[in-house]
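Novice: So the sequence lines, in the order shown, correspond to chains A and B. Residue numbers are given in full-length UniProt numbering: position 122 of the first sequence equals residue 122, and the series is strictly consecutive. Residue numbers are given in full-length UniProt numbering: position 22 of the second sequence equals residue 22, and the series is strictly consecutive.
In short, the hints are calculated from the structure, not lab data. Do not rely on the hints blindly, as some may be mistaken.
A few chain A positions that, by computed beta-carbon distances, are all more than 10 Å from chain B [unchecked claim]:
| # | residue |
| --- | --- |
| 1 | N130 |
| 2 | L176 |
| 3 | A193 |
Using C-beta positions, here's what the derived DEER-type ranges look like [as the list claims (entries may be wrong)]:
| # | chain 1 | residue 1 | chain 2 | residue 2 | range |
| --- | --- | --- | --- | --- | --- |
| 4 | B | R35 | A | K37 | 25 to 31 Å |
| 5 | A | A192 | B | Q163 | 43 to 49 Å |
| 6 | B | L79 | A | R32 | 54 to 60 Å |
Computed far set for chain B versus chain A, every beta-carbon distance over 12 Å [to be verified]:
| # | residue |
| --- | --- |
| 7 | L21 |
| 8 | Q41 |
| 9 | F140 |
| 10 | G160 |
| 11 | R179 |
| 12 | Q208 |
| 13 | T252 |
| 14 | D265 |
| 15 | S268 |
| 16 | F269 |
| 17 | R274 |
| 18 | R389 |
| 19 | E472 |
| 20 | I557 |
All values derive from a computational prediction rather than experimental measurement. Note that beta-carbon positions come from the ideal geometry of N, C-alpha and C, so glycine has one too.
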Amino acid sequence: MPNHRSLFILISVLTIFGLVMVGSASVVDASRNFGDKWYYLKLQMMWSGIGLAGLLFFSRFNHLKLQKFALHMLVFNLFLLVLVILPGVGTSALGARRWINLGFFSVQPSEIAKITLAIYFSALFTKKDNFLPFITILGVVCGLVMLQPDLGTSLVIASSALLTYFGSGGRLSRLLAAVVLGIFAVTIMTIAAPYRLNRLKSYLDVSHDPLGSSYQIRQALIALGSGGIFGQGLGQSKQKYAFLPETTTDSIFAIVGEEFGFIGTATVLVAYTLLILQGYQIAKSAKNKFSANLATAITSVLGLQVFINISAISALLPLTGIPLSFISYGGSSLVIMLAAAGILININKTYAKN
Amino acid sequence: MELRHRLLQSLFIGWFLILLLRLGYWQIVKAGELRELAVTQYGTSTSIYAPRGEIRFSDGYPMVINSESYLGFIEPGKLGLNAEQKDQLIGLLPASESAKKILDLASVTHLSWLPLAHQIPPKVKAQIEQMKISGLGFEFEPSRNYLSGSSSAYITGFIGKNQSGESEGYFGLEGYYNRTLTGKPGKVIEDRDALGRPIVISQHRIIQPQPGKNLVTSIDRTVQYYAFQKLKEGLDKYKAKAGSVAIMETKTGKILAMVSLPAYDPVSFSDFDRELFKNPIVSEGYEPGSTFKAIVMASALDAKVVAPDSVCTICGGPQTISGETIKNWNDQYHANSSMTDVILHSDNIGMVFVSRQLGKTKMLEYIRKFGFGNPTGIDIQEESTPTLRPDNQWEDIDWATAAFGQGIAVTRIQMLAGVNAIANGGILVPPRVVEKIQSGKDEKNLPVPDSQRIISRPAAIAMTNMMINGVEKGEVRYYRVPGYVVAGKTGTAQVPIAGHYDETKVIASFVGFAPALDPIFTMIVTLREPQTSPWGSTTAAPLWFSIAEKLFRYYQIPPKARAGL
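Could you put together the complete structure from these sequences and hints?
Specialist: Here it is, written out as structure tokens:
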């Protein structure tokens, strides 16, 4: 059984490292767009404060109570997901409607969906053979997220739900059917939206359209390579000078690689892997089915996000636009993942005592 | 469900290992390659102009220099210009017509930048700047100033743009010495972001430009001027289509002057026919005519097959070879002429006799030894040579006519260098134009090309005496400069057109050296299609002597009371 103090320290260290990286990676954009080079860092510090408060809260809040609110949370989340795609409500950025503006800040309902679905499915999988409602709800949520459109988030949601289903002991034949269905859906979406097809092509062939869609992956690799083994040193990234798109969000791992080298990327990778292994360890040790499912679900969301992101940056998977949990800039993602980590700590606490 | 959770853990452990290997691949194995890519995309260098080397006359006076000039451009969107200012502006600009067109275009174009005029002098730029027109700007643009203009165009060549848009020297010295003259541009290397803005955290480096090297030529400013002036007058006087003068320092082969007309202007070269760009003295083949007799006779004297007083046994009338009849120019024949008389009368039949005495193989050997058929190696880019036909393709008729300079093509510079070898006591010196290369305070003499004895000194002296005799007693005697002994030979050759000789198209020439027994200079003068008379003796020769007269004074050569033979 993992020590929940070490879990807490591991998550805090990753979050603080994230602040350092956001600060370093965003100076160029921040000073250019806001005239304040620490603009993004200040916002991210606020969010991590809120997130850590959430973590502390949920690590003390009995997670078992969440099971009762699972449906309510899901319904509310579905409402938000519908709201965000309505014209005039959602805030669009870069061709996507992902945010609901609440005046002083905006939230991303699809980020919230990661955790509400984790809770809902964990509750659902406490009973046997709920495959049909599972696949229906998953289909609806992913469909709504796709309407924003946000393929990356739907993929994380769907695949983490499938891992949760697997972890809960779901039937392998049905799992296989769901995977086939998922692949079919993604294929249709990819062909329907040309930019996705291009990203796929650029993944398959780096020489295809070097300044178009493979530009980002090429710049990410240049950043990784420039870092070498030991890195250029904190703040020394040159790729962040407008060469590498999405420096502070999806591509931040490339900046980690450029400034801290292979030593840095390997260390971060080891830290995440330890966290993920501990998460499944918690699931394994949980005596209650809901607790076990929830630990699996949260760990799977975290693990998939982090590993898909790093795989994309190192050109193993096509770019999908998934943030690096705890490190990437972005309030919704950070607060949700820290709160989820709090739940994980609470599950650990609950069964470690016994 | 412990197994399933363990499987999930294994999934991520496997994935972790793959990612670790992948990151190691990019950050360790491929790091060098990717870092190079990075350097190419950040490093932007701004080049710093390196001035091109200048070209000077023998006394250091500039022949070609650099000058400051500007490219004027407009940004049509920002252009603020009223009608009065527009007229004033057009009046100030060089190439005002094209400038006017561009200004008219400015109001309709969607382009953000248009070049208005090139080569704007600093003075004009200052005047325009005082008008304070918005949307009008200047950029430094180096320009080349050819101080002697078209008179030295065939020495200097010019600067044009090569295929990649860079300045490059073409023709003449600009072409031959392009690499020496071209400086190495300096560089300011700065890291820039994807939008071209300097990256503040990195420092920039400066590589200082290296200016090109200067050339000091052997061209004498005064001699070049005389040659140009006299040739210009000569073209008018004899109504010739074209003409060339080349003067060489006898003992060293240094070119003192080289002029051809018509010429082009090296600055506005693009306004001229490209045919004009090549220096005809070094690149145009022509039939030397009777001037070539000096070469063949000198060869025969060296081979000791004839002596100045040898008697021509076939000179009594025309000769028929392979069905073609060879005649003298005036159809007059002098039986039993001496070799000296053969040169004096410019006797074709006499030369056929000489060629037979010499033999075909020997004659061809001598022609090659004199440098014909090979480039002289003069440092003018466009030098080329007509090729001599292979030795086994010389028919009897070719061999016979070559003896008097027909059916063989040479360049003027080859002819000059060949006769210069006679003047120089039998030693052939390759002609050259540049003597020294200066870079900063360093001055380096170019190595003197190897000279070579091709005929004996006595043969050269004997030939010189025949040429003196020809000048003293021949048609050209009326043009002699009293008190100065000149050795020379006239020539008149028809220009072969489509395999036939056109009676009306001739190249009249005179080649010679003075003072004959201790020569200072050797000079060739050619005139194309002189209308007053086709003969070299009455056109090219007087022009030669009129230039020589100037040179005698310029070199302060004391006249002799009597010409000694």
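Novice: Can we trust that B:L21 is non-interface, i.e. its beta-carbon lies farther than 12 Å from all of chain A?
Specialist: violated, 10 Å
Novice: May I ask you to check that B:S268 keeps its beta-carbon over 12 Å from the closest beta-carbon of chain A?
Specialist: Fine: 42 Å to the nearest Cβ keeps B:S268 off the interface.
Novice: Does the claim that B:R179 lies outside the interface with chain A hold up, using a Cβ gap greater than 12 Å?
Specialist: holds, 36 Å
Novice: Evaluate the given range 25 to 31 Å for the C-beta pair formed by B:R35 and A:K37.
Specialist: For A:K37 against B:R35, whose Cβ atoms are near 26 Å apart, the range 25 to 31 Å holds.
Novice: Looking at B:T252 again, its CB stays over 12 Å from all of chain A?
Specialist: holds, 60 Å
Novice: When you look at the beta carbon of B:G160, is every beta carbon of chain A farther off than 12 Å?
Specialist: Per Cβ check, B:G160 is outside 12 Å of chain A; nearest 34 Å; holds.
Novice: Beyond 12 Å from every Cβ of chain A: is that where the Cβ of B:D265 lies?
Specialist: Correct as stated: the minimum Cβ-Cβ distance to chain A is 46 Å, above 12 Å.
Novice: Just checking, A:N130 versus chain B, shortest CB gap more than 10 Å?
Specialist: It holds; A:N130 is separated from chain B by about 16 Å at its closest Cβ, greater than 10 Å.
Novice: Looking at B:E472 again, its CB stays over 12 Å from all of chain A?
Specialist: holds, 82 Å
Novice: Against chain B, does A:L176 keep a CB gap of more than 10 Å to every residue?
Specialist: holds, 15 Å
Novice: Compute the least Cβ-Cβ separation between A:A193 and chain B, then decide whether it is above 10 Å.
Specialist: holds, 26 Å
Novice: Please confirm whether B:Q208 is truly not at the interface, meaning its C-beta sits more than 12 Å away from all C-beta atoms of chain A.
Specialist: holds, 26 Å
Of the numbered hints stated above, those contradicted by the structure are hints 6, 7, 8, listed in ascending order.
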